[in-house]
Amino acid sequence: MSDPQIDPLLERRAKRMPAVDPAALERIAHRVRANLTAVRPWLPPWLLASTLAVGCALVAIAGAALAGFEGVVALGPWRSFIVLATLASLTGIMARECVARFIPGHRLRSSAGGALAACSVSLVLLFTLLFGDYHASHFIAAGVACLEQGVLHGVPSGILCAVLLRRGFATRPVLAALTAGALAGLTGVLFLEMHCTNLEAPHLIVWHTAVVPVSAGLTALGVFCAHQLRSSISRKMPASS
Amino acid sequence: MRGYQSGCVSDATALIRRVSPMLHRLFAADAASRMHADDLLQETWLRIHRVRHTYRTGQPLMPWLYAIARHVRIDHYRRTRRAMDREESVAEVPEVEATAAEAAQSDELDTLLAALSPNEREVIELLKIVGLSLEEVARTLSCSVGSVKQKAHRAYKKLRRHLHEMRIASSQSGAVP
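Chains as they are written, first to last, in the working numbering: chain A, 1 to 241; chain B, 1001 to 1177.
These are computed hints drawn from the structure, not numbers from a lab.
Be careful, since some hints might not be right.
Keeping only pairs whose Cα atoms sit at most 30 angstroms apart, straight-line, the calculated DSS-like set for lysine-lysine is [what the hints assert, rightly or not]:
{"no.": "1", "chain 1": "B", "residue 1": "Lys1149", "chain 2": "A", "residue 2": "Lys15"}
{"no.": "2", "chain 1": "A", "residue 1": "Lys15", "chain 2": "B", "residue 2": "Lys1158"}
{"no.": "3", "chain 1": "B", "residue 1": "Lys1157", "chain 2": "A", "residue 2": "Lys15"}
Using the sequences provided together with the hints, build the complete structure.
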C-alpha cells in the first residue's frame, strides 16, 4: 500500500510529531512506581477457553439432568452424536473467540457479528440436513416455550463467563458481550437438544437456532445500557461535586 | 514487560521511557486528540497499569499497548463530543507554533485525512504515521488483516482523488488574479 504523492505527506507528518513532554513522562513514571506491585499474569487463553467450554457443557448437562434427557432418547444414537458433537465444537470455537475478546491486542479469527452469523447458519444447516419432518404443530406456543427455556439456561453460562473473564479487559465491551451471549445461547441450544422431544424441522430451525442470536442480542443490549448508565452517572458527578 | 509485571521498578521505568514516545505519536497523529496527547498518554499508562496482568509473555507487545491506547482515545472522543454538545461556544483556540510552510502542509494533510471515514483514518494513521505492520494494526483494531488491507486500499483511493481535486482547485485559484 503506497502512493508516490500521498506517502511523502504522511512521512513528513510522522517525522514532525511533537515530542513527549519530559515532565509528563516523569509524572507518569512516578505514578506507576508509586503503586507498583507484582501481578500474577492471567491464565493462558487456551486454558480459559477450555474451562469456559467445559463449564458451559456442564451447565447444559445439569439442566437436562434436572429436566430430563428425553431429547437424547428421541434423537436416537446417531443423530444425538452428530448434533451434540457439532454443538460441542461450536461451543469450543465460540469460547475461544470470547476469551480473545477479553485480551487486548489478541488475534481474532472473525468479527463478533461474523462469528454469531456463522454459528447461527451452522445450526440451521445442521437441523435442515438431519431432520426431514416439516410438519409444524403448535409452532408458536411450543417454539416460544423452547426459546424461553433455552435463553434461561444460558444465564448460568453468562454468569460463568463473567466470573472467569472478570480479570480480562475488553477494549470493545459490547462486541465482547455479543460473543459471550452467543456462547451462553449455545449452552441453551445444547440443553434443548438433550431435553426437547419436538423433532419437527421448522421448530428446530427457527426456535432452537433463535436462542443464539436472541441471547447474544440481549447480553449486548444489557452491556450497552450499563455503559450508557455509567457514562451518564459520570457526566453528572462533576456537577454534583 | 515481564519485569514490569513482577514489580521491578527499573524495568517499569525503562518500559515507560521506551514506549511512551510511540504511544504519544498515536495521539498526536490525529487532529482531534493532538491537544490532549500528554493527558491521554498519562491516562493510557494508568489503564495499562491496571490491566498489565492481561499481557501474555511471548505475544506481541505493541498491539496490546495500542489496543489499550486506542480504547482511551475512543473514550476521549466520546467525552469531548458530550462536552461539545453541552457547551455553546469554544473558549479559546490555542496557538500552535509552526512555520507557514509547515502549517500549509499540515493543513493539507488534515484536510485530506478529514475526507476519510474514522475507521479508514485510523488505519492510515496506524500504518503510515505510527508505523505498525498490517498484522499489528489488525490485532490493535480487533479485526482481520484482510479487513485492514481493504480499509487502507479504500482510504488511499479517497486520498488520491481528494489530493487531485485539491491540486486542481489550488492551481485554478492561483491562475485567477
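Right, here's what the structure says about each hint:
no.: 1; hint: Lys1149(B) with Lys15(A); verdict: 24 angstroms, holds
no.: 2; hint: Lys15(A) with Lys1158(B); verdict: 23 angstroms, holds
no.: 3; hint: Lys1157(B) with Lys15(A); verdict: 24 angstroms, holds
When held up to the earlier numbered hints, the structure conflicts with none and fits them all.
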